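Chemist: Just so you know, the sequences run in chain order A and B.
Residue numbers 1 to 301, in the numbering used here, belong to the letters of the first sequence in order.
Residue numbers 1001 to 1301, in the numbering used here, belong to the letters of the second sequence in order.
Derived from the structure by calculation, the hints contain no laboratory data.
Don't take every hint at face value.
[What the hints assert, rightly or not] When the alpha-carbon atoms are kept at most 30 Å apart in a straight line, the in silico DSBU-like pairs for lysine-lysine are as follows: (1) A/257 / B/1225; (2) A/225 / B/1192; (3) B/1192 / A/289; (4) B/1213 / A/279; (5) B/1257 / A/213; (6) A/225 / A/20; (7) A/175 / B/1175; (8) A/61 / A/113; (9) A/291 / B/1020; (10) B/1076 / A/192; (11) A/225 / B/1113; (12) A/180 / B/1213; (13) A/76 / A/23; (14) A/289 / B/1213; (15) A/291 / B/1289; (16) B/1180 / A/225; (17) B/1279 / B/1291; (18) A/175 / B/1162; (19) A/225 / A/279; (20) A/180 / A/246; (21) B/1076 / A/291; (22) B/1289 / A/257; (23) A/158 / A/71; (24) B/1279 / A/257; (25) B/1289 / A/180; (26) A/291 / A/63; (27) B/1180 / A/289; (28) B/1175 / A/289; (29) A/289 / B/1257; (30) B/1162 / A/225; (31) A/20 / B/1291; (32) A/192 / B/1225; (33) B/1213 / B/1162; (34) B/1020 / A/180; (35) B/1113 / B/1076.
The structure displayed is predicted, hence computed values, not measured ones.
There are 2 protein chains.
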Amino acid sequence: MSVTIVGTVALDSIETPFGKHEKLLGGSGTYAGSAASIFSEVNLVSIVGNDFPQEYTDYLKSKGMNVDGIKIADGKTFHWSGYYEGDMGQAHTRLTDLNVLLEFDPVIPDSAKNSKIVFMANIDPVLQKKAIEQFNNPECVILDSMNFWIENNLNELKETLKLVDILIINDQEIKQLTGKQNIIQAMREVLKLGPNRVVVKKGENGSIMFDGKEFFICPAVPLDKVVDTTGAGDSFAGAFSGYIDKADSVCDEVLRKAIVYGTLVSSHTVQGFSVDVLKTLDEEILLDKYKQFNELVAWPT
Amino acid sequence: MSVTIVGTVALDSIETPFGKHEKLLGGSGTYAGSAASIFSEVNLVSIVGNDFPQEYTDYLKSKGMNVDGIKIADGKTFHWSGYYEGDMGQAHTRLTDLNVLLEFDPVIPDSAKNSKIVFMANIDPVLQKKAIEQFNNPECVILDSMNFWIENNLNELKETLKLVDILIINDQEIKQLTGKQNIIQAMREVLKLGPNRVVVKKGENGSIMFDGKEFFICPAVPLDKVVDTTGAGDSFAGAFSGYIDKADSVCDEVLRKAIVYGTLVSSHTVQGFSVDVLKTLDEEILLDKYKQFNELVAWPT
Chain A
1 MSVTIVGTVA LDSIETPFGK HEKLLGGSGT YAGSAASIFS EVNLVSIVGN
51 DFPQEYTDYL KSKGMNVDGI KIADGKTFHW SGYYEGDMGQ AHTRLTDLNV
101 LLEFDPVIPD SAKNSKIVFM ANIDPVLQKK AIEQFNNPEC VILDSMNFWI
151 ENNLNELKET LKLVDILIIN DQEIKQLTGK QNIIQAMREV LKLGPNRVVV
201 KKGENGSIMF DGKEFFICPA VPLDKVVDTT GAGDSFAGAF SGYIDKADSV
251 CDEVLRKAIV YGTLVSSHTV QGFSVDVLKT LDEEILLDKY KQFNELVAWP
301 T
Chain B
1001 MSVTIVGTVA LDSIETPFGK HEKLLGGSGT YAGSAASIFS EVNLVSIVGN
1051 DFPQEYTDYL KSKGMNVDGI KIADGKTFHW SGYYEGDMGQ AHTRLTDLNV
1101 LLEFDPVIPD SAKNSKIVFM ANIDPVLQKK AIEQFNNPEC VILDSMNFWI
1151 ENNLNELKET LKLVDILIIN DQEIKQLTGK QNIIQAMREV LKLGPNRVVV
1201 KKGENGSIMF DGKEFFICPA VPLDKVVDTT GAGDSFAGAF SGYIDKADSV
1251 CDEVLRKAIV YGTLVSSHTV QGFSVDVLKT LDEEILLDKY KQFNELVAWP
1301 T
């Protein structure tokens, strides 16, 4: 099967305590697709300008991604510039040039319409809805969003959430979305909006999944050095989606493993700029990391 | 064997979104002792004024605590008044009347000097050092501290840390203590100061233990309702200390279990005011909770 990811493909200019780089390959779709492609076939649906470097297209293809759904429009590629300080928990934006992203109207290629797993990375919830509606009964629709849409397009986001199976969102955003300060209460609220599962990403504090009855809690990998946190959440969600697509069924056991693999992949993402570390990451390396990581959370019974 | 706890016994006036109460039984020693006494014999060393209610003394004794080390001084008991808002992550102080705590000079009763486990709850690091030096070669010295001492008595705290085996501290405090924004780096720094293990408490984000080689990560229990977070950290450390005291040896397996029991006990503490919920908590209940909690972190292998 295949997983189809709808999101941004961008150029990122980023400064962190570890360096400063101009127009790196970035975007929610790029990170999610790079992570998902470790596990499964990926169709990436996005838009870039005609300035988009060939080497970046080559990279996406080299990961086995089907890029038929990436429209090349006249104009410039979406460009984000930002910086991080201290523990890099928070991105500070210097500049957001939406450019061709302003005319993004996702068209799912016929070859992708039967995807089992659909991941709507962070874009306008109206576009997410339009994209979801083009699929032929996907087994699982996964969606990410962010504070900008919660603040400015809450009603549209709520409409979209009615079509979603699993919402992946961070701890600040879920409080904002639900008005609940307690994350457990906030997760219960989300389940009233449409999704039957919710995953809360808490950065260096790991993640928590809830299906209305059971929780699954996964810590983050302890890291001495974090180079650039851009794309951590996107690659978490991408690996999660890709792992589920590869599995036989969307059962609790698979979802728990998907969370762990999402955690492992995102722990690699943040150890370099852009998708640098994802370039060489494969399932064999991750299987080893899975076992090592398990030692960190193993309780004596 | 027995665990000896040196800390405060206080009267707390507390307001949270769930109510307002005057002069509840509180203090780091009280919470830690209440939690430790679930698992082991506890000697509590502290000071109170002659206004200290008999019913509170009766409670401490009812938990089996040896209170010979609690001096009753002329004057008023240490009184803290504070409030919590929102997710109750942060205590706001209204008033701190140190009262007889100003003359606290801990004297370890002879009957407690052979304790295997010693827990120095949060008090002046100079007093912690004086107390530690009175013991006859304890197997494990555990210590808690707080931002006030890091800001005002850093050199004294560092002197005391040379005598400590396990430092238990929260995420903000360890950054302050070490000057490191990355918690993993901060944990490595702590091990240069004396302790051979460090446990970082992260509230609703669980805790992490490090011995210089291996990490152990334990999430918090997901809670829909938190009534009062006062004493959460003290009861975590108290249960941790009590569980170790009861165990045969201070090995990695025991310490991991101690972290989990600390987590479970503190999850109960915060579900009521003062030590209300700890009054009825016993090992049998906790064994059940241990199994349930394990389900929340169980990875498919």
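Chemist: Run every hint past the structure and note whether it holds.
Modeler: Cross-check of the supplied hints:
no.	hint	result
1	A/257 / B/1225	29 Å, holds
2	A/225 / B/1192	19 Å, holds
3	B/1192 / A/289	28 Å, holds
4	B/1213 / A/279	29 Å, holds
5	B/1257 / A/213	26 Å, holds
6	A/225 / A/20	16 Å, holds
7	A/175 / B/1175	26 Å, holds
8	A/61 / A/113	20 Å, holds
9	A/291 / B/1020	48 Å, violated
10	B/1076 / A/192	52 Å, violated
11	A/225 / B/1113	43 Å, violated
12	A/180 / B/1213	39 Å, violated
13	A/76 / A/23	12 Å, holds
14	A/289 / B/1213	16 Å, holds
15	A/291 / B/1289	26 Å, holds
16	B/1180 / A/225	11 Å, holds
17	B/1279 / B/1291	22 Å, holds
18	A/175 / B/1162	42 Å, violated
19	A/225 / A/279	19 Å, holds
20	A/180 / A/246	35 Å, violated
21	B/1076 / A/291	56 Å, violated
22	B/1289 / A/257	24 Å, holds
23	A/158 / A/71	27 Å, holds
24	B/1279 / A/257	39 Å, violated
25	B/1289 / A/180	26 Å, holds
26	A/291 / A/63	25 Å, holds
27	B/1180 / A/289	26 Å, holds
28	B/1175 / A/289	28 Å, holds
29	A/289 / B/1257	24 Å, holds
30	B/1162 / A/225	27 Å, holds
31	A/20 / B/1291	48 Å, violated
32	A/192 / B/1225	19 Å, holds
33	B/1213 / B/1162	20 Å, holds
34	B/1020 / A/180	22 Å, holds
35	B/1113 / B/1076	28 Å, holds
Going down the numbered hints, you'll see the structure goes against 9, 10, 11, 12, 18, 20, 21, 24, 31, while the others check out.
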